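Engineer: Which chain is which? The protein sequence lines are A and W, in order.
This note's numbering numbers the first residue of the first sequence as 4 and each following residue consecutively.
This note's numbering numbers the first residue of the second sequence as 4 and each following residue consecutively.
Hints in this document: simulated from the structure, not taken from any laboratory.
Predicted model, so just to flag it, every value in this text is computed and none were measured.
Worth double-checking, as some hints may not be accurate.
Since copy identity is lost for identical chains, a pair holds within one copy or between any two.
In silico DSSO-like cross-links for lysine-lysine, where the CA-CA straight-line distance does not exceed 27 Å [to be verified]:
| # | residue 1 | residue 2 |
| --- | --- | --- |
| 1 | Lys29 | Lys270 |
| 2 | Lys12 | Lys144 |
| 3 | Lys269 | Lys42 |
| 4 | Lys179 | Lys76 |
Number of protein chains: 2
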Amino acid sequence: MMLLHLLNKIAPLMELTLSVAHFNHKIRRESDYEEEFVKKECEILGIKFYSNSGDVIGYSNKNKIGIEEAARKLRYDFLFNTLNDISYNKIATAHQGGDLLETVIYRITRGSGIYGIGGLTPVNEKLTRPMLIVTLKDVLKYVTINNVKYVNDPSNLSVEYARNRIRHNVISELYKINSNVEENVLRLVETVWEYRNTVDIEFKKRVKFKENTYIFKLYEDIFDAEVLRKIFLINGTYPPNMEETKKILRMKSSGERFITPLKIVKKKDELFVRVEKKEE
Amino acid sequence: MMLLHLLNKIAPLMELTLSVAHFNHKIRRESDYEEEFVKKECEILGIKFYSNSGDVIGYSNKNKIGIEEAARKLRYDFLFNTLNDISYNKIATAHQGGDLLETVIYRITRGSGIYGIGGLTPVNEKLTRPMLIVTLKDVLKYVTINNVKYVNDPSNLSVEYARNRIRHNVISELYKINSNVEENVLRLVETVWEYRNTVDIEFKKRVKFKENTYIFKLYEDIFDAEVLRKIFLINGTYPPNMEETKKILRMKSSGERFITPLKIVKKKDELFVRVEKKEE
């Protein structure tokens, strides 16, 4: 609601046209009431309102993925479809510093390299998260001072075990240790974003793509591994861990590795990473 | 005790001569008993035993530092003094994966950049931590299988509020989310160690030291900031945060900044960082 009110305020100044897209996960009792609440608020503000819902639990069972992952997939599919349908340019989500902190702890716990800690990014192609550097404390201040109506969802999509443990048990403890933990993590993540930028720059410098093959010149520094991992990510595959990545980089000349869907061949100081087509 | 038994086993193979140095913090009731315990174990193994104790709480009050920090200072002073006295080459400490995890969470919470997450390092000049990549689970396995006697210290120097919160409340939660959290964080930290190595290499490439002045050639990449921060660290000063660091890097040519004890002058694409002598 803060994001909505904020964007609505600055829309005339920045010549933005706003619409709201609301995905109703239908997981909690309050879901329908919340949709109604947002819809009414949009009516008051004179903003177009689009909504949809989906069978999150069914989708989760069918695709053997967690409920939160299923919810995310259906939600973002809906957001991007709506963006297309109404020919808008950008999706803005309301993720804030608390979400970022949660994601950092989550990723560290589940296993991540430096690149992965970056978690949520402020801008990602058509997606923008203008509130990512705003702390939860400041969100609460803003809605109070500006008298913004909102719905408090104490469960906050409380369907995923891990995320909830972090949100309720871990982060509260970290706050007791340092009440600026959100700002501190934000500052860390900002340096990681910069690190990611550097990886992207090095990627462009080192990698050419021709005829389904990445031709990747090795520099024998820390970014070789990051660039190789990025090739995996681009091709929708979870990259091998650092140890494995290094083994690939250190193959002998004319060495070969095959990690679906990538065939990797080394020639002198270059890797040739070929994307094998799926057999349909 | 695992470290002692392990090193004692491999000492003949690696032609090591071992001694034990034990610092008695005298903070807990069990402190004297523990010193006695280690001393006896050394007698059984035929290893020389050195010990000392210090007034940790007095030192903490006098220097206005936390008790854990005071304990660490006195302990390491004793270890390095003993190293000198007996003319040995290395100090090995028994920090393991659990300590590393704790340090990572602690640093993230208190505020740290990528460099700082590295926390404990496996080798640092005369200090070596051979067990840093061993998980706490494996330590417990080792002492059980090899029948190594040990003293269980449930409080584990339980004098510091923050560390204890992390140890007892946070890490136990993270384990419930992912039982491999220690290994996962270790893998993250390994990439950070590599990042640190890269910073050190870039430091040597970019920085010359002459007549109390670091002459620092700027490359306008992510490592400029890391190298500048390292100059602060070398001079025993906590470096400015990333935002401040960037402001310094982006000064106009002939711009000046003074952050005790460093005077920083920019000339074209170079920073001149002069260490001002303290007035005694």
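Engineer: For every hint, state whether the structure bears it out.
Structural biologist: Each hint, compared with the structure:
For the homomeric pair Lys29 and Lys270, neither the shortest alpha-carbon distance inside one copy (54 Å) nor that between copies (62 Å) is at most 27 Å. In the homo-oligomer, the alpha carbons of Lys12 and Lys144 lie at most 27 Å apart inside one protomer (17 Å), although the nearest pairing across protomers, at 61 Å, exceeds that limit. With identical chains, the CA atoms of Lys269 and Lys42 are never at most 27 Å apart, being 57 Å at best within one copy and 56 Å at best between copies. Taking identical chains as interchangeable, the C-alpha atoms of Lys179 and Lys76 lie at most 27 Å apart only when they sit on different chains, with a minimum of 26 Å there against 34 Å within one chain.
Hint violations for this structure: numbers 1, 3, all remaining hints satisfied.
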